[in-house]
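Residue numbers (numbering that gives the first Met the number 0), protein chains in the order written: chain A, 0 to 148; chain B, 0 to 148.
To be clear, the hints were calculated from the coordinates, so they are not data collected in a lab. No residue lacks a Cβ here, since even glycine has one placed at the ideal position from N, Cα and C. There could be a bad hint or two in this list.
Derived DSSO-like pairs: lysine-lysine, alpha-carbon spacing no greater than 27 angstroms straight-line [what the hints assert, rightly or not]: (1) A:Lys23 with A:Lys146; (2) A:Lys113 with B:Lys58; (3) A:Lys80 with B:Lys52; (4) B:Lys62 with A:Lys23; (5) B:Lys80 with A:Lys113; (6) A:Lys80 with B:Lys62; (7) A:Lys50 with A:Lys133; (8) B:Lys50 with A:Lys50; (9) A:Lys58 with B:Lys80; (10) B:Lys23 with A:Lys139; (11) A:Lys91 with A:Lys58; (12) A:Lys146 with B:Lys23; (13) A:Lys91 with A:Lys144; (14) B:Lys23 with A:Lys52; (15) B:Lys50 with B:Lys113.
Quick list of simulated restraints, FRET-style, between CB atoms [as the list claims (entries may be wrong)]: (16) B:Lys146 with A:Lys50: 33 to 39 angstroms; (17) A:Pro72 with B:Lys52: 21 to 27 angstroms; (18) B:Lys91 with A:Asp25: 21 to 27 angstroms; (19) B:Gly121 with A:Ala140: 37 to 43 angstroms; (20) B:His97 with A:Asp25: 30 to 36 angstroms; (21) B:Thr106 with A:Asn110: 32 to 38 angstroms; (22) B:Asp148 with A:Phe98: 37 to 43 angstroms; (23) A:Gln147 with B:Gly121: 43 to 49 angstroms; (24) B:Lys91 with A:Ala114: 28 to 34 angstroms; (25) A:Lys50 with B:Glu124: 46 to 52 angstroms; (26) B:Glu129 with A:Asp25: 43 to 49 angstroms.
2 protein chains.
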Amino acid sequence: MIRRITLSATLTLGLAATAIAQTKPDQVIEYRRAAMTMVGWNFGPMSAMVKGKIPFDVKEFAKHAERIATTAPQVLEGFAKGSDKGAETDAKADIWTHFDDFQSKLTDLVNESKATSEVARGGDEAKVKEQFKKLGGTCKACHDKYKQD
Amino acid sequence: MIRRITLSATLTLGLAATAIAQTKPDQVIEYRRAAMTMVGWNFGPMSAMVKGKIPFDVKEFAKHAERIATTAPQVLEGFAKGSDKGAETDAKADIWTHFDDFQSKLTDLVNESKATSEVARGGDEAKVKEQFKKLGGTCKACHDKYKQD
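Next comes chain A alone, as it looks inside the complex (with noise of 0.2 angstroms):
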C-alpha cells in the first residue's frame, strides 16, 4: 500500500513551497479522489443528520466535522499542475486554467469546514445546521464549475 516515490517523475508541483518529492499524474490524481472520498465519506452522516434522515448526534455530527477539517487542507496538492489527466479523472481542466479561483473555493472548504468542526463542539444544534449549509455550499460552489457531471 506504501506508495512509492518516483524521484525520475515529471510532474511539477504547482503549489506553496513544499518538499513533497515529485509524483506522477496518476498519483496525484488517485490522492485527490481518495481526499475526495473520505471528506464525502464524513460528509454523508452529518447531511442525514441534517434532513434528519438519521437522528442528530452533535457528538458524532462533530467527529465526522473535525475529520473533515483535517483532512480539507490536504486536498489543494491533489490537483498538482500536470495533474488534469494521466488517469479517471472528475475534474475539469478549468482548474489548471483559473488556478486562483479554484485554490479560493478550496480555501472556502478549509475555512467552513474549520468552521462547522469548531461550532459543532459547540453543541447548539441549530447553530450547526445553520453553519452545515455553509459548508455544503462550498462544495457545491467548486462543484458546480469545476467537475465534471
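On the provided structure of chain A, position chain B as indicated by the hints.
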C-alpha cells in the same frame, strides 16, 4: 462526489457504537482504500527523508506525520463486517476471522503515528528517524499478515 447514504443497505457495521449510516460493501472498500492512499501519500515523503532520498525537513516531516495521526483513527471503519468482498480489495479474509488481532494492529498504527507526530514536533532528527521505524513496523506487521501481495 458526495457519497450517497444508502439507508436500505445491508452492511452491518460491527464496530464500536457509531451513528454512521449503513453503507454498501463497495463504499466501505472505496473508503478504506482512500484512507490507505492518504496514509501512503504522506508516508512516502517521510520515508524518502529518512532514507536520504530527499532533504530532511523536520517541519515537512511533522506535517505529514500529523496527517497520518489524524487519518489512522479513521481506518478501522473501513473494515466493517461484510466488506470482505464487493469491490477490488487487497484485504485478506483473515481480517474478519481474526478481527481482534487485526484491530490490535490498527491500534498500534494509531498509537505509533501519534507518537511520530509528537516526536516530529520536538524536532530532534535522530529521534524522529528512530520513531519512524516503529511507525513503519506497524504498517509492515499488518500488511504481512492481512494484505494480499
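Checked hints:
With a CA separation close to 21 angstroms, the supplied pair Lys23 (chain A) and Lys146 (chain A) stays within the 27 angstroms bound. This hinted pair checks out: Lys113 (chain A) and Lys58 (chain B) have alpha carbons roughly 22 angstroms apart, not beyond 27 angstroms. Proximity of Lys80 (chain A) to Lys52 (chain B) is assessed by CA-CA distance (about 23 angstroms); at most 27 angstroms being required, the pair is judged to hold. Between the alpha carbons of Lys62 (chain B) and Lys23 (chain A) the distance comes to roughly 21 angstroms, so the proposed pair stays at or under 27 angstroms and holds.
At most 27 angstroms may separate the alpha-carbon atoms for a hinted pair to count; Lys80 (chain B) and Lys113 (chain A) exceed this at roughly 32 angstroms. A hinted pair counts as satisfied when its Cα atoms are at most 27 angstroms apart, and Lys80 (chain A) with Lys62 (chain B) qualifies at roughly 21 angstroms. About 15 angstroms separates the Cα atoms of Lys50 (chain A) and Lys133 (chain A), which keeps this hinted pair within 27 angstroms; it holds. Taken as a hint, the Lys50 (chain B) and Lys50 (chain A) pair is broken in the structure, with Cα atoms around 49 angstroms apart against an allowance of 27 angstroms.
Only pairs whose Cα atoms come within 27 angstroms are accepted, and Lys58 (chain A) paired with Lys80 (chain B) is accepted, the gap being roughly 24 angstroms. With a CA separation close to 24 angstroms, the supplied pair Lys23 (chain B) and Lys139 (chain A) stays within the 27 angstroms bound. Simply put, Lys91 (chain A) and Lys58 (chain A) have alpha-carbon atoms about 36 angstroms apart, too far for the 27 angstroms limit, and the pair is violated. Straight-line distance between C-alpha atoms of Lys146 (chain A) and Lys23 (chain B) comes to about 24 angstroms, which keeps the hinted pair within the 27 angstroms bound.
Distance hint between Lys91 (chain A) and Lys144 (chain A) is fulfilled; the C-alpha atoms sit about 8 angstroms from each other, no more than 27 angstroms. Proximity of Lys23 (chain B) to Lys52 (chain A) is assessed by CA-CA distance (about 17 angstroms); at most 27 angstroms being required, the pair is judged to hold. The suggested pairing of Lys50 (chain B) with Lys113 (chain B) holds, with an alpha-carbon distance near 21 angstroms, which does not exceed 27 angstroms. A C-beta distance of roughly 37 angstroms is found between Lys146 (chain B) and Lys50 (chain A), which places it inside the suggested range of 33 to 39 angstroms.
Range check, Pro72 (chain A) to Lys52 (chain B): about 25 angstroms between beta-carbon atoms, so the 21 to 27 angstroms window is met. A hinted range of 21 to 27 angstroms for the beta carbons of Lys91 (chain B) and Asp25 (chain A) is consistent with their spacing of about 26 angstroms. For the pair Gly121 (chain B) and Ala140 (chain A), the supplied restraint of 37 to 43 angstroms holds, since their beta-carbon distance comes to about 40 angstroms. Judged by the Cβ atoms, the range 30 to 36 angstroms given for His97 (chain B) and Asp25 (chain A) holds: they are separated by roughly 33 angstroms.
Remark: the range hint 32 to 38 angstroms for Thr106 (chain B) to Asn110 (chain A) is upheld by a beta-carbon distance near 33 angstroms. Taken as a hint, the range 37 to 43 angstroms holds for the pair Asp148 (chain B) and Phe98 (chain A), whose Cβ atoms sit roughly 40 angstroms apart. In this structure, Gln147 (chain A) and Gly121 (chain B) meet the distance hint of 43 to 49 angstroms, their C-beta atoms being roughly 45 angstroms apart. Restraint check, Lys91 (chain B) to Ala114 (chain A): a C-beta distance of roughly 41 angstroms breaks the suggested window 28 to 34 angstroms.
Roughly 49 angstroms separates the CB atoms of Lys50 (chain A) and Glu124 (chain B), a value that falls within the hinted 46 to 52 angstroms. The hinted window of 43 to 49 angstroms between Glu129 (chain B) and Asp25 (chain A) is violated, with their beta carbons roughly 34 angstroms apart.
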